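Once you've looked at the hints, dock chain B against the given chain A.
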Amino acid sequence: MKSLFFAAALAVAATSASAQETEIRVHYAIPTIWADTQEALADAFMEKNPDIKVRIDGPAENYAEGVQRLLRESVAGTTPDVAYVGLNRWRILESRGMTQPLDGFLGDKAEELGYTRALLSLGEYKGKQHALGTSASTLVMYVNPDLVKRAGGSMENFPKTFDGVIELAAKINALGDNIDGIWIDRHDWRFQSLLGAHGGRPLSGDESDIAFDSEAGIRAAGLYQRFVTEGGMKSYGDNEARQAMPAGTLGIMFESSSLQKRFEQGAGDAFELTVLPTPLAATDKNSVYFPTGGSAIVLLTDDKARQEAAWKYMSFVTGPEGQKIIVENTGYAPANALVIEDDAYLGEFYKNNRNARVAHSQVANYAGPWYSYPGPEGVAVTDLIAAAMVDIAEGADPEARVRELAETLRIQLGMK
Amino acid sequence: MIRLSRNVRDGLTDFWLAGPATLAMIVFIFVPVLVVAVLSFTDYQFGARDFVWIGLGNYSKLFGSALGQKAITNTLLYVALVIPASVGLGLFVAIGLHRMLDWAPRLSHLLRTVYFLPVAATLVAMSVAWQMVLHPSLGVVNQFLTLLGGEPKSWLSDRGLVLYTLAVIGVWQTVGYNMILFLAGLTSIPPELYDAADVDGAGGGWSRFWTVTWPLLGPTTLFVLVVTATNAFRVFETVATLTKGGPAFASDTLVYALYREGFVYFKAGYSSAITMVFFAFLLVLTIAQFRIVERRVHYK
Numbered sequence: 050m051k052s053l054f055f056a057a058a059l060a061v062a063a064t065s066a067s068a069q070e071t072e073i074r075v076h077y078a079i080p081t082i083w084a085d086t087q088e089a090l091a092d093a094f095m096e097k098n099p100d101i102k103v104r105i106d107g108p109a110e111n112y113a114e115g116v117q118r119l120l121r122e123s124v125a126g127t128t129p130d131v132a133y134v135g136l137n138r139w140r141i142l143e144s145r146g147m148t149q150p151l152d153g154f155l156g157d158k159a160e161e162l163g164y165t166r167a168l169l170s171l172g173e174y175k176g177k178q179h180a181l182g183t184s185a186s187t188l189v190m191y192v193n194p195d196l197v198k199r200a201g202g203s204m205e206n207f208p209k210t211f212d213g214v215i216e217l218a219a220k221i222n223a224l225g226d227n228i229d230g231i232w233i234d235r236h237d238w239r240f241q242s243l244l245g246a247h248g249g250r251p252l253s254g255d256e257s258d259i260a261f262d263s264e265a266g267i268r269a270a271g272l273y274q275r276f277v278t279e280g281g282m283k284s285y286g287d288n289e290a291r292q293a294m295p296a297g298t299l300g301i302m303f304e305s306s307s308l309q310k311r312f313e314q315g316a317g318d319a320f321e322l323t324v325l326p327t328p329l330a331a332t333d334k335n336s337v338y339f340p341t342g343g344s345a346i347v348l349l350t351d352d353k354a355r356q357e358a359a360w361k362y363m364s365f366v367t368g369p370e371g372q373k374i375i376v377e378n379t380g381y382a383p384a385n386a387l388v389i390e391d392d393a394y395l396g397e398f399y400k401n402n403r404n405a406r407v408a409h410s411q412v413a414n415y416a417g418p419w420y421s422y423p424g425p426e427g428v429a430v431t432d433l434i435a436a437a438m439v440d441i442a443e444g445a446d447p448e449a450r451v452r453e454l455a456e457t458l459r460i461q462l463g464m465k
Numbered sequence: 121m122i123r124l125s126r127n128v129r130d131g132l133t134d135f136w137l138a139g140p141a142t143l144a145m146i147v148f149i150f151v152p153v154l155v156v157a158v159l160s161f162t163d164y165q166f167g168a169r170d171f172v173w174i175g176l177g178n179y180s181k182l183f184g185s186a187l188g189q190k191a192i193t194n195t196l197l198y199v200a201l202v203i204p205a206s207v208g209l210g211l212f213v214a215i216g217l218h219r220m221l222d223w224a225p226r227l228s229h230l231l232r233t234v235y236f237l238p239v240a241a242t243l244v245a246m247s248v249a250w251q252m253v254l255h256p257s258l259g260v261v262n263q264f265l266t267l268l269g270g271e272p273k274s275w276l277s278d279r280g281l282v283l284y285t286l287a288v289i290g291v292w293q294t295v296g297y298n299m300i301l302f303l304a305g306l307t308s309i310p311p312e313l314y315d316a317a318d319v320d321g322a323g324g325g326w327s328r329f330w331t332v333t334w335p336l337l338g339p340t341t342l343f344v345l346v347v348t349a350t351n352a353f354r355v356f357e358t359v360a361t362l363t364k365g366g367p368a369f370a371s372d373t374l375v376y377a378l379y380r381e382g383f384v385y386f387k388a389g390y391s392s393a394i395t396m397v398f399f400a401f402l403l404v405l406t407i408a409q410f411r412i413v414e415r416r417v418h419y420k
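Those sequence lines, one after another, are chains A and B.
Mind the numbering: the first sequence is residues 50 to 465 in this note's numbering, read in order.
Mind the numbering: the second sequence is residues 121 to 420 in this note's numbering, read in order.
With the rest of the complex left out, here is chain A (with noise of 0.2 angstroms):
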């Protein structure tokens, strides 16, 4: 018993005095998606870098939570080294300088890392690389097979256009009473991919005006109102919809390709769930993009040896590695372009996952930023905008409301 103690002592004054060991904080939010990968995230790094310990902070329930902590901790002064947040949420923390810019560490080889020009876009800001995308997802569209072929589609020769999905969900639509042909979510990130798939922006280049009262816009949030009036779309929140759509009653839902695995769970063996990408309308293709979902990593600490024990952490957990690892896991497209084009790390998932192909595929190409509007209205003129998507549901002409909005915007941001 008296050696196992002096053993045990030992051990503990062998491992600090091993010395050099540095510690660093991580924080992560939303612990029923990540909780098994940070924990395989961190025991992969600290294998393969043993003088660095990784503390995983307890999780905070979603991304605005997590955000919320962050800003607390920041006034407290005990902001943990390096977090991971919302895509569309990093910005609130490098409006209030809490991030550390990363452009000294990436050095000028990020493309050979695997950090392509459009994934770093989604953690840029004004010329300055602010965080690095750790997992993404976009704007896809799911289908019910068996739906379609009731109505006389093929999956084969499935409509790619927009028109030509409406055509189909009308007739999904007519099948039967508790049946229903589209959905889509009235909300700001749902009408910032419609936009981007007819070639439209939410802001001017230098984010000084709104840029989505244009041709494309418009288009877009008429969509709205096309799928309701002659595909049939109900007004559901989107818990409505996402049991919906497992359950077999939804013919096609654009939604985000982040639920994949739980929908395929959900469907089970009751109908092939599948992903197809979502269609473009814009006649000049380069102008396409979808704004990415999903999480970013950003560098907090401002201490120099932890900033470089942190860097070390964050290039691993965005390098093939620990893409693999978050790709494996949690259903998200990795943020990193050399774990897709080698297919020694992920080739046999793909093979196995035709709808993740699909997905992942879609942000690979068309990957762009998920615009947040700037300064202190800034969250709240998106629930704006999804209220402006209710109103063009239910009836308002898309053209006056979307310029409606768009005034309604600028006096809100004090862009006039």
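Since the hints were derived computationally from the structure, they do not count as laboratory data.
Predicted model only: the values in this text are computed from it and were never measured.
Glycine included, C-beta positions come from ideal geometry on N, C-alpha and C.
Derived pair list, reagent style BS3-like, types lysine-lysine, alpha-carbon separation capped at 27 angstroms:
1) A/310 - A/400
2) B/364 - B/190
3) A/198 - A/310
4) A/465 - B/181
5) B/273 - A/220
6) A/310 - B/364
7) A/373 - A/361
8) A/310 - A/373
9) A/158 - A/177
10) B/190 - A/465
11) A/198 - A/400
12) A/102 - A/353
Label pairs and their computed distance ranges (CB to CB):
13) A/110 - B/406: 27 to 35 angstroms
14) A/424 - B/292: 38 to 46 angstroms
15) B/406 - A/194: 55 to 63 angstroms
16) A/107 - B/136: 33 to 41 angstroms
17) B/184 - A/456: 16 to 24 angstroms
18) B/196 - A/210: 46 to 54 angstroms
19) A/456 - B/173: 27 to 35 angstroms
20) B/139 - A/124: 27 to 35 angstroms
21) A/424 - B/233: 48 to 56 angstroms
22) A/81 - B/229: 38 to 46 angstroms
23) A/257 - B/141: 50 to 58 angstroms
Where chain B lies over chain A, by a calculated footprint (3+ residues, C-beta under 8 angstroms):
24) 222-229
25) 282-288
26) 291-305
27) 427-434
Chain B alone, transformed into the frame defined by chain A:
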């Protein structure tokens, strides 16, 4: 050893008994409320390093903007629906169960438990159940409606309906609690009074109710009213879990708005102003109820 007079000793005992709780109240309630009151005159953003005094700016925004007014009118409508319905139904059920005690005591006890279940259950968990029951195509309610030849409704996503749906859920949740309180009130009415009423010629059901039951339930009713009103004003869980204030702010309420502005939009100053208005509403309501109802309450 100094001998303290009896009065001083009594005073010290009182101080020991009430002191710690009072101190806790001051530190944990009054001081934070004061801070919130001060913040409500600033444009403070959560996590920001500085702020600007903007006087009554936040208040004029709350009362002047369409969204602020909507949150206020929605809350008032919700309260106006829930208070009478849940107090009335609570009393109704309590009288029924009280009389049932005479001829079917077991059934009465069983029903009492059933009515109390929603109170004991967590509202957030119950909201999930409600969501499934009210689902536009999969829910029991709409399937029953179509069976009867009715038109299915979007209970939680129709702008004109959503607030009424939430009010019904609110009533469902509070009826059981009010019923228990009224039952306690009913059992404490001495039976001799009914005999006396009989002798005085008030033998019918209605006149017994108006001359004996209702006046003696006065204190209970006052308490029930105050509790129901404060709970109705604080409506939050159902809004947050079922509708998130939507669609298009149709079910936005004061407490949900203050949560949204403060914790989602990070506008601590504005959300502090909403909090102060919310306090004011509650205070006015409670004082009014005590003033009005107390005049008619016959204490023993």
